[in-house]
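With these hints in hand, go ahead and build the complete structure from the sequences.
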Amino acid sequence: MNTRYVVKRILYSFLILFIVITLNFFLPRLVFEDPAEPFLRGIPDDEFMLRNAVRKEFGFDKPVWVQFLVYLKKFVTFDFGTSYIYKQPVFKVMFDRIPWSMVLSVAGMLISIVAGIVWGATASTKRGKAVDNALLNYATITTAIPSFWVALVFVMLFAFAVPIFPYRGAMTDGYSLSINKAVFFGVAAGAVALTVVLYKLLKKPLIVFVTPLAGLIAAVFAAVPASDIADIAYHAALPLIVICLGSIVSYALMVRNSMIAVVNEDYILTARAKGLDKTRVLYGHTMRNALLPMVTSIGMSLAGIFGGSVLLEKIFTWPGMGTLLLEAQNIGDFQLAQAIMFFYSFITIFANLLTDFVYHKLDPRIKAE
Amino acid sequence: MNKKVKAFFNLIKGVASDAAGVLVKIWRHRKGRIGLIMVGLIILAAALAPLLAPYDPKTPNITEGFLKPSAAHLLGTDANGIDILSQLIYGARVSLMIGMISGVSVTLIGAVLGIVSGYFGAVADNIVMRIVDVLLVIPTLPLMIILNNYVSSSYLMMIFIFVVFGWPGTARIIRAQVMSMKNINYIKAAELAGAGKGYIMFKHILPAVSHLLIMNCALASAGLMIAEAGMSFLGLGDPGAVSWGQILVRAEKDAFTSRHWAWVLAPGLAIFFTVIGFMQLGYALEDIFNPRMGKSGNMFRQFRKIKASDVAAAFDSMDDIDFARAVKIKSAYGGGDE
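Same order as they appear, the protein sequences are chains Y and C.
Residue numbers for the first sequence, in the working numbering: 1 to 369.
Residue numbers for the second sequence, in the working numbering: 1 to 338.
These aren't lab readings, by the way, just hints derived from the structure by calculation.
Nothing here was measured: the structure is a model prediction, and the numbers come from that model.
For glycine and all other residues, C-beta sits at the position ideal for the given N, C-alpha and C.
One or more hints might be untrue.
Stated by the list, open to error - Far from chain C by the CB rule (all over 10 Å, computed), these chain Y residues:
#1 138
#2 173
#3 233
What the hints assert, rightly or not - Ranges of calculated distance between the beta carbons of each label pair, as one might list FRET restraints:
#4 Y/163 to C/43: 36 to 46 Å
#5 Y/78 to C/195: 48 to 58 Å
#6 Y/10 to C/8: 57 to 67 Å
#7 C/79 to Y/7: 31 to 41 Å
#8 Y/163 to C/60: 26 to 36 Å
#9 Y/73 to C/40: 52 to 62 Å
#10 Y/26 to C/47: 50 to 60 Å
#11 Y/276 to C/210: 25 to 35 Å
#12 C/104 to Y/186: 49 to 59 Å
#13 Y/7 to C/15: 50 to 60 Å
#14 Y/61 to C/131: 26 to 36 Å
#15 Y/7 to C/40: 51 to 61 Å
Stated by the list, open to error - Here are the simulated lysine to aspartate or glutamate pairs, DMTMM-like style, with alpha carbons at most 20 Å apart:
#16 Y/126 to Y/277
#17 Y/314 to C/254
#18 Y/126 to Y/327
#19 C/253 to Y/327
#20 C/31 to Y/265
#21 Y/314 to Y/327
#22 Y/74 to Y/47
#23 Y/314 to C/252
#24 C/68 to C/56
#25 Y/8 to C/125
#26 Y/74 to Y/61
#27 Y/181 to Y/96
#28 C/253 to C/64
#29 C/203 to C/56
#30 C/68 to C/252
#31 Y/8 to C/133
#32 C/58 to C/238
#33 Y/204 to Y/363
As structure tokens, this is what we get:
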């Protein structure tokens, strides 16, 4: 992977980001007569003074190109103004919500990956048997069921019919979470440092994934009181079950298919011919390569980790990014909605970029031009 | 009889007998028969909704609100006293309409752009693929939520968004397939014999990818029906229409506290039934139309890199935040076009 390729890819990512941002600005202006309309909603037509004041406040009185420059400045400086709902800087509002989305998505992803690897590997070694058929049928069924309906059914079953779990919110009394920020960032920084040191010493790519994750979890446990963690876990149980039920299958299928593809490679035959036992070949040779596509998949779901799922968060009134977007929409907080949109695109584009680089690093067969 | 009229009748006869032949093939296919019956039932329900539905799905009847399932109301009534079974039957219309219109459009646009960019390569490919790159990173759901600020939500808007952001998936699938077969001998032979590019694309390449297109159409329709339910559930559908997603919105509000389980279960099961039907039909059609699956054509199987499950994965769970779509399309094809 040469520097030219890296620079080219990074520049290209920024170009895409710029196009997305530009589209975001011009689309409403091209399609609709008055882009200020959402801001003026609820103000009577004859209140000219007020309408003009609002136009001025949001810069709609200036020529379009000035508006565009002002708009671009927001992205360059990461200053999206003040949220209309929360009366706080938009970025602060967003960064208060991201950890809540992450609680669900990181935990859900970890459980699904582990379960998916186990299920997929078992299915690949027992093709056509019950485990394999169960996986394929389960895959068809989960594809055909809307996940938000599964969430509704679980709420119905375990929050109403048999009321074991709560289904609203993330904590019993509001979101009065006391995080010791110094401890959190201390442990997290320690984990990053540890990752670098370990990678330099051992040169195992797995370290890059496992250590920061372990560090993040350690940081959460160190910075949040145990009683709060228990409370959150209790509230997160139902949404987590729904997330895992849906995402286990994609990981399992991926592992199964790539293991089946790898099993017929010559080097596996060589390994067996050398006299290595089946288990060793399965975990040491087959799975090593079969897990490579997982890297892509995990990298690509980074955006989902920070962004959460709008539908699930709505159903469980989980205070994450998805709910924030809906709030911004319902109340007409345009600044906030715009920032969230930018955030989603930004994460998606750079998660793609990162995944590409990591993949090239891990798989020597791929030669970047 | 006029010659032209005769030719026209022959064409119609030919198309009809082809269609009948395909139907027979579907019926003989195990998955095809299941899919045909399921989709047939749903289409019938949607078409005959006014006859089948016992009540009007829009007229409120306040005195009969929150009724539990009974002989008069098989699935009970909602807060306004509207029969849920009737809403369910009419809901099939919305689901089928949105799913099929956007599924067909996505497939057509994706097919044209995929074949053109795969076959011509160079500049055409570059332009199409760069547009794909941009479209795949725009999060659809947030965009719709934001656009909702400007126009009142409608099904036209929803279909528009589905089509604009749906075709890149199809285009990528078709492009990959076209690129892998561009250098096969019979295509080269046709080129050497002097066939034009348009002729090759329509006479040789299109038939070779038609099985993928048909399957793609069925699976995209299925996936977009799920997406429609999710969007309607978020209030992004037509507020005046009766759709399965909207039945679930009201169910979420009232069914839990009134312990009216059928209200929650029925719309989801209806979606499940329809989507499974379309998927089975899609897999069956893929088998039937795949030219390489024939007894003599096994030498081509090595080119059959793209499997039904990949296409399914590409359209899987679009109701999630929709990064999932980009993720799955990318992972299904091993990292896209680099």
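For each hint, the structure was consulted:
| no. | hint | in the structure |
| --- | --- | --- |
| 1 | 138 | holds (13 Å) |
| 2 | 173 | holds (22 Å) |
| 3 | 233 | holds (23 Å) |
| 4 | Y/163 to C/43: 36 to 46 Å | holds (40 Å) |
| 5 | Y/78 to C/195: 48 to 58 Å | holds (56 Å) |
| 6 | Y/10 to C/8: 57 to 67 Å | holds (59 Å) |
| 7 | C/79 to Y/7: 31 to 41 Å | violated (60 Å) |
| 8 | Y/163 to C/60: 26 to 36 Å | holds (31 Å) |
| 9 | Y/73 to C/40: 52 to 62 Å | holds (58 Å) |
| 10 | Y/26 to C/47: 50 to 60 Å | violated (42 Å) |
| 11 | Y/276 to C/210: 25 to 35 Å | violated (46 Å) |
| 12 | C/104 to Y/186: 49 to 59 Å | holds (57 Å) |
| 13 | Y/7 to C/15: 50 to 60 Å | holds (56 Å) |
| 14 | Y/61 to C/131: 26 to 36 Å | holds (34 Å) |
| 15 | Y/7 to C/40: 51 to 61 Å | holds (56 Å) |
| 16 | Y/126 to Y/277 | holds (17 Å) |
| 17 | Y/314 to C/254 | holds (16 Å) |
| 18 | Y/126 to Y/327 | violated (48 Å) |
| 19 | C/253 to Y/327 | holds (18 Å) |
| 20 | C/31 to Y/265 | violated (32 Å) |
| 21 | Y/314 to Y/327 | holds (10 Å) |
| 22 | Y/74 to Y/47 | violated (30 Å) |
| 23 | Y/314 to C/252 | holds (11 Å) |
| 24 | C/68 to C/56 | holds (18 Å) |
| 25 | Y/8 to C/125 | holds (19 Å) |
| 26 | Y/74 to Y/61 | holds (18 Å) |
| 27 | Y/181 to Y/96 | holds (12 Å) |
| 28 | C/253 to C/64 | holds (18 Å) |
| 29 | C/203 to C/56 | violated (50 Å) |
| 30 | C/68 to C/252 | holds (16 Å) |
| 31 | Y/8 to C/133 | holds (15 Å) |
| 32 | C/58 to C/238 | holds (14 Å) |
| 33 | Y/204 to Y/363 | holds (13 Å) |
Violation of the numbered hints given earlier is confined to hints 7, 10, 11, 18, 20, 22 and 29; the remaining hints are satisfied by the structure.
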